[in-house]
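> Take a look at the letters that make up each chain.
There are 2 protein chains.
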Amino acid sequence: MTSFLAGPLLTDLYEITMAAGYWMHQVQERATFSVFVRNPDHKRNYFVAAGLEAIIRELECYCFQNDDLEYLQSLKIFDPAFLDALGELRFTGDVYALPEGTLFFPDEPLIEITAPIIEAQLIETLVLNTMGIASLIATKAARCTHAAEGRPLVDFALRRTHGQDAGDQVARSTYITGFTATSNVRAGKRFGIPVAGTMAHSFVTAFDSELNAFRAYAATFPDAAIFLIDTYDTISGAHHAATVAREMKRRGHTALGVRLDSGDMLALSRDVRRILDEAGLPDMKIYASSSFDEFKIADIVNDGAPIDAFGVGTRVGVSADAPYLDIVYKLVRLGNRDIRKLSPGKVTLAGKKQLFRRVDEGGMFQEDVIGCREETLSGMLPLLTPVMRAGRRTHSARNLREIRRQFEDQTACLPERYKTIHRYEAYPVKISPRLKSMQLS
Amino acid sequence: MTSFLAGPLLTDLYEITMAAGYWMHQVQERATFSVFVRNPDHKRNYFVAAGLEAIIRELECYCFQNDDLEYLQSLKIFDPAFLDALGELRFTGDVYALPEGTLFFPDEPLIEITAPIIEAQLIETLVLNTMGIASLIATKAARCTHAAEGRPLVDFALRRTHGQDAGDQVARSTYITGFTATSNVRAGKRFGIPVAGTMAHSFVTAFDSELNAFRAYAATFPDAAIFLIDTYDTISGAHHAATVAREMKRRGHTALGVRLDSGDMLALSRDVRRILDEAGLPDMKIYASSSFDEFKIADIVNDGAPIDAFGVGTRVGVSADAPYLDIVYKLVRLGNRDIRKLSPGKVTLAGKKQLFRRVDEGGMFQEDVIGCREETLSGMLPLLTPVMRAGRRTHSARNLREIRRQFEDQTACLPERYKTIHRYEAYPVKISPRLKSMQLS
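Residue numbers (the numbering used here), protein chains in the order written: chain A, 1 to 441; chain B, 442 to 882.
Here chain A stands alone, though its shape is the one from the complex (with noise of 0.2 angstroms):
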């Protein structure tokens, strides 16, 4: 059983020379950093926050391991004294964040961290990664589910994902934003997602037709066979599975479908409707596969193409668009001090926060405030809930039901002119007077 736990080590060697530095000279006093998100090419109308959960089970286990201290021992660099310190480190901190499956927008706090400074920076680098490529996908796969207006969507990315764990937090990201099912078997298991799958060319290749490689797949699952039928050429490809197809509903099956995976998507679902009708198979489904993204599904379903599901592979997996969130991790506070940084185009707000969201009478978003993390807006709902207090976390884990529900609720209340993947609208976010009078200080 792997924990698939990260470790403190995933992290950036200077986290650990800083530390070094805050333990030399005895800054110990508590830090609030706090994580967001800038949009600089305006290609995302609102974010999904996904990972949290993640984050929490590495914090409750923080613990340098033995060998994890022997190897910073053999760099050189570090005192043994702070290595033994660093040994007997946990972390003790507190965490406010979004649920995961909350729609948030560009420099709104998703996660606040407080904890003795040497904790909090250390984590710095797992939380961004962490929370980063979950994010990052689930607001990518947000959009193809609004694209697909309802038509089941399965995550087939995991051969073309950045490695091992981004093909779990791939298949996690998307379930929770509506994707039905995923391709991927370890995250099956992992999180409790349900799989899917058909056959590839291979299979069909490996038989001495193609009839006969649906023949026997058909008699392999009889009640879970889905054809692909583009090895050769399309439209026989769908006489072949029609024909299969009536055999498997005289032996009292029933094939599920055909999947389509190269060539034009509109002209060719249409013959291939056509050919099942006619075959006196109109319960047939359709599955397309074949770089499908957010554009490419809006235009086909658009188009009124009759395809029933799509395989939604690469482009989603690795958002290709937009292949990475612009995540910051910022000190904010210390101590009882609001910290600011100034570099050219990189200013954050200084002091604890929580985020606020207005919405009217119908439950729609109206426009979120930052706010500081003790005043109350009338009218307003807070965000950020408290998720961990002195290193434990304060509820159980949400299953990830709860997390899709979360994201279908919020998506039900953001404005349609925000769901559009072909503009940017920017949603309105505010920063609250006692915030900003904070700033000047």
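Think of the hints as simulated: they come from the structure by calculation, not from any bench.
Beta carbons are placed, not taken as given, at the ideal position from N, Cα and C, and that holds for glycine.
Careful: at least some of the hints might be erroneous.
As the list claims (entries may be wrong) - In the BS3-like style, the derived pairs of lysine-lysine whose C-alpha atoms are separated by at most 30 angstroms in a straight line are:
#: 1; chain 1: B; residue 1: K860; chain 2: B; residue 2: K484
#: 2; chain 1: B; residue 1: K737; chain 2: A; residue 2: K43
#: 3; chain 1: B; residue 1: K630; chain 2: A; residue 2: K76
#: 4; chain 1: A; residue 1: K352; chain 2: A; residue 2: K436
#: 5; chain 1: A; residue 1: K296; chain 2: A; residue 2: K419
#: 6; chain 1: B; residue 1: K517; chain 2: A; residue 2: K189
#: 7; chain 1: B; residue 1: K484; chain 2: A; residue 2: K76
#: 8; chain 1: A; residue 1: K43; chain 2: A; residue 2: K189
#: 9; chain 1: A; residue 1: K352; chain 2: A; residue 2: K43
#: 10; chain 1: B; residue 1: K860; chain 2: B; residue 2: K726
#: 11; chain 1: A; residue 1: K285; chain 2: B; residue 2: K517
#: 12; chain 1: B; residue 1: K726; chain 2: B; residue 2: K737
#: 13; chain 1: A; residue 1: K76; chain 2: B; residue 2: K737
#: 14; chain 1: B; residue 1: K484; chain 2: B; residue 2: K877
#: 15; chain 1: B; residue 1: K484; chain 2: B; residue 2: K737
#: 16; chain 1: B; residue 1: K484; chain 2: B; residue 2: K793
#: 17; chain 1: A; residue 1: K43; chain 2: B; residue 2: K484
#: 18; chain 1: A; residue 1: K430; chain 2: A; residue 2: K352
#: 19; chain 1: A; residue 1: K419; chain 2: A; residue 2: K430
#: 20; chain 1: A; residue 1: K249; chain 2: A; residue 2: K296
#: 21; chain 1: A; residue 1: K430; chain 2: A; residue 2: K43
#: 22; chain 1: A; residue 1: K296; chain 2: B; residue 2: K484
#: 23; chain 1: B; residue 1: K517; chain 2: A; residue 2: K249
#: 24; chain 1: A; residue 1: K296; chain 2: A; residue 2: K43
#: 25; chain 1: A; residue 1: K285; chain 2: A; residue 2: K43
#: 26; chain 1: B; residue 1: K793; chain 2: B; residue 2: K690
#: 27; chain 1: A; residue 1: K285; chain 2: A; residue 2: K436
As the list claims (entries may be wrong) - Listing some non-contacts, in silico: residues in chain A with all C-beta distances to chain B over 10 angstroms:
#: 28; residue: G21
#: 29; residue: S209
#: 30; residue: N302
#: 31; residue: G379
#: 32; residue: Y418
#: 33; residue: R434
#: 34; residue: K436
Once you have looked at the hints, place chain B on chain A.
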């Protein structure tokens, strides 16, 4: 200790459903699958092979555990007798591959796997995922190495890579293609890569002044200090760094340098160089780290900016301009039949292959020929070498320094015109007459 093995469940479900189909129909011939990279958008002139060692490690230990089989049983789609067979299954195949660090070109085979079809099919996703991320980043990083013209590059990408595993793979792939170090401590430990790091803005703001922050860091790392100077203002930061460096000098220590992280890199590096020189610190280096990739590095090198080394992060860590390889795994031979696939735009060359390279008398690459595995082409070097036989590795693992040397040797032999990052230059890749004739039959 983590094994870092993905395990056999890191696969698309369809690999297992196809395996079940082969098992039920007793398709047990030996199959050869060939892996290659398509290059439809012409964003790369060459690719760098990487990821092979990770694949060999997975295949040597390939084994479904009991809890894997229980999970598959719980899906209620597999015959229990098939799952029993899966529990017994090990990888028994032969693997030919390009050594890591080898340059290759579109459509060339980089790995070919021959095994009983069930085994060869099951590992498809794992092979593509592993080789894909490693070669994607090695290729991107190689372009940076060329652009930097000998200046050291350090991998700073971990906070923005697609998860933990990607972070480690980015560190490894950038190192084998010429980077000098990584900030990723876990990758340093895991792969024996040198680690490097400086400080973050939070460290500077955690002290009552920038000057005192630099003094604290210098006291902690008297012989390894690099000061981040843009927290408030880069020019005054440079003066503060110079002040502290002179204090260190009087105590017999040497500051390594300063780091620029925002603003106009050309103008700032010139100003900072002058400040350091005028302070009698000509040996202090200038490091720069602000959204660098091969394009920005080439520009600043061409401008003659006095930058000594680059921290390279996000854009390389996700290969931002081309965030995935179009890498595929195709059945090319089954039993004694050569296999083709004819889907539009996705034609595959049938048969087991060898890749040959012709070099001139100076050793420079002239052209490649994709041929049959068994043929010899006079005066040309075969590049695919056996790396596993009957499921066991044929050689001990190569260490990263050997792989790095392989990359250096290869790039020294690549004509300059293919190293350009600004335009597509198609390297000549031919198909041998014998392989061509096999496609017609």
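> Of the numbered hints stated earlier in the document, which are not met by this structure?
As far as the earlier hints go, 7, 8, 13, 20, 25, 26, 27, 28 are violated by this structure, in ascending order.
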